[in-house]
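Asker: The task is simple: from the sequences and hints, build the whole structure.
Okay, here's what each chain looks like letter by letter:
2 protein chains.
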Amino acid sequence: MAFFKKKYQSKKSRARLGEINTAHGQVKTPAFVPVATKGTLKTLTPKQIKEIGVQLSFVNTYHLVVSPGVDVIEKAGGIHKMADFNWPLMSDSGGFQVFSLARQNFKSQITNIKKNLNNKNQDNQRRADIRGEESPLVKKISEDGVKFRSLYDGRLIEFTPEKSMEYQMKIGADLNMAFDECTYYPATYEYTEKAMERTHNWLVRCVNYKRAQAIGKKQGYSFFNKQYLYGIIQGGTYTDLRKKSAEFVASQPVDGVAIGGVSVGETKKEMRKQVGAVAGLLPDDRPVHLLGVGQFDDIIDLVKCGIDTFDCVEPTRLARMGILLSFSDSNKIDINKGIYKNNLEVVDKSCGCWVCQTFTKAYLHHLFKQKEILGYTLATYHNLSVMEKFMGHIREMIGKDLI
Amino acid sequence: MAFFKKKYQSKKSRARLGEINTAHGQVKTPAFVPVATKGTLKTLTPKQIKEIGVQLSFVNTYHLVVSPGVDVIEKAGGIHKMADFNWPLMSDSGGFQVFSLARQNFKSQITNIKKNLNNKNQDNQRRADIRGEESPLVKKISEDGVKFRSLYDGRLIEFTPEKSMEYQMKIGADLNMAFDECTYYPATYEYTEKAMERTHNWLVRCVNYKRAQAIGKKQGYSFFNKQYLYGIIQGGTYTDLRKKSAEFVASQPVDGVAIGGVSVGETKKEMRKQVGAVAGLLPDDRPVHLLGVGQFDDIIDLVKCGIDTFDCVEPTRLARMGILLSFSDSNKIDINKGIYKNNLEVVDKSCGCWVCQTFTKAYLHHLFKQKEILGYTLATYHNLSVMEKFMGHIREMIGKDLI
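Going line by line, the protein sequences match chains A and B. Each residue of the first sequence is one higher than the one before, starting from 1 at the first, in our numbering. Each residue of the second sequence is one higher than the one before, starting from 404 at the first, in our numbering.
Calculated from the structure, these hints are not laboratory results. Any given hint could turn out to be false.
As the list claims (entries may be wrong) - Listed below are the simulated SDA-like cross-link pairs for lysine to any residue, each with C-alpha atoms no more than 25 Å apart in a straight line:
id, chain 1, residue 1, chain 2, residue 2
1, A, Lys371, B, Lys453
2, A, Lys47, B, Ala615
3, B, Lys772, A, Gly77
On a predicted model such as this, the values are computed, not experimentally measured, just so you know.
Answerer: Rendered as structure tokens:
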């Protein structure tokens, strides 16, 4: 079966219906990709995730390298098996977290790491190593990548294009991202261009690494073990760089294309401009992922540029704060508010998810005011159900040329 | 159908098999009763609770009066409906929390209540009332009961035998407790006797209250709305008082008998002595509940005294600390320990619950180290599954006269 198949092209825009086929199942696109950062989709059990209808979820390579560690994940049979995630998964390259770590002031983080190291279970040598260091966290940043200390246990961790590929292979997600540098906003043209070129060089190294690993296992664009590689378009807020990057990434033998760095410190308008700039350059025969974007209005606008998948922490993060997505009520309600104390209505009449079939706003309000864990679970379940239902509407509208 | 039916009497001890029949289903006894304090069985969804096989769970009247409030619970159709608890429930009288509140030093709690009151949603008059008070929390303790300020929102709350019955009727749990005073350890003989007599007087008032409410609704020992009343045996550590209390409670027209105050500040040996002292005085035709006790060894020893149901927060509280019950490994393991970091075995091979069928110790260790909510859910699910399996063994052994 083809990895990606375009099923329908809207007559109204670049929006399209498609399917991504992986060893762990099929994803009907456009799809929302909830973020299961550390190998757990915050609060939910695998059964609940399946019940909600999540098709594809996202794991963060950086976080999984730190804990539980990629070696134990590999020994467990991959993160699918370890976390009982019996559906397609996408992993990022780690670049986003690694470079964000490299940019920060580490003073407060050093306190944190030293506190962790006081744990008597820690390796004595490692503790001694760190105490002798001037700048304990980031050891080296170069064209090659980054070396740094884990904030969690002081272990020395290296991220290079090859290492990122190795980590992602061990994690075993179906869809992988090439190692990239995501520039922050604002960044100069010169710096952004340099970072983009670095990202392109790293993509070539990722492709080569996968190719070398895959002798005898090649199939279609995919090089290894049914894991598929996405190249990442960067270029910051400079449309000429964005276009150059899109052309370069599309010219590579990658399985999919991702657009990175559009959600970092920019306005929504700016984000739409950058995605719009590359829309005409995206490969028609390969899936397109937009990193870190996924509010209702973003999705409606950006499927029109040909985006197939969107990952975003917002629905799950808001849920844990008691912000419940809604098809009415200005798109969200804050269940912590006193007005819900005696409200015996369901969260959203038009939602119909298990939470909306079963519980009242008054009960959810009570759980949140009492900081009961079940509240976070129910809110997450509801918010992701809303996202799935919303994406269903989007697909339906594309099929009818309404988008 | 009879409320309680003894099905089998062990030839070896006072242990017995029975069934408690309620409007929300049947409980096979002996049974463990997990505690859903605030109308949520910490971390678990109703579906998960059913799947585990929990037959009966416990809610705390004091906590539910404070939040969400009994009026909204009643409007929602009772806590069964509000929390989707579609199985039998037991509520306590509130006495335990109320008297423990009355005994404490409130300095730190006053800070807490004032902090809550800074919430701008609070009622201005109530805030002004409290600021003008010398001792804002406990307003009055008497033979009649206790008046105090809610720690949560400063509301004035009254607990008397009649109020306790009214609250419990609004909550709607199937099995209710008469209002009692639980003496703390150590307490003098004189104080304990006085508290016991107060508890007996209150039991009569509870019975009268339910009887007055129930004109035209009487059935068997039950007076109102298919809610059944348990009287509570007190008497502290004095066996003669315990016996006197057991005789008094058994002489009353109550549906069941509970033994209170044996888990407060005493040794396990002392607890067994007090339960043993009343064992021969417990009514054979009514169910017997032991309040606040439920470790493996306690249950094994105390079913022999004729105890039918045990409530205890321990399995769920330990779960949230990462302490997992086990049929081997000295009855429990601490999943936070570094030795589990790379351990790809299940928590307990002989458990067979969904968690043990699905996840490894390494994954649970990772979730706990990262403070991921799913860890608390999985641990609670496992611990309660162990308790259910354990109670199944106990019932089997009674049926074979092995206990």
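Asker: Next step is simple, just say for each hint if it's right about the structure.
Answerer: Okay, the hints, checked on the actual structure:
| no. | hint | verdict |
| --- | --- | --- |
| 1 | A/Lys371 to B/Lys453 | holds (23 Å) |
| 2 | A/Lys47 to B/Ala615 | violated (48 Å) |
| 3 | B/Lys772 to A/Gly77 | holds (21 Å) |
Hint violations for this structure: number 2 only, all remaining hints satisfied.
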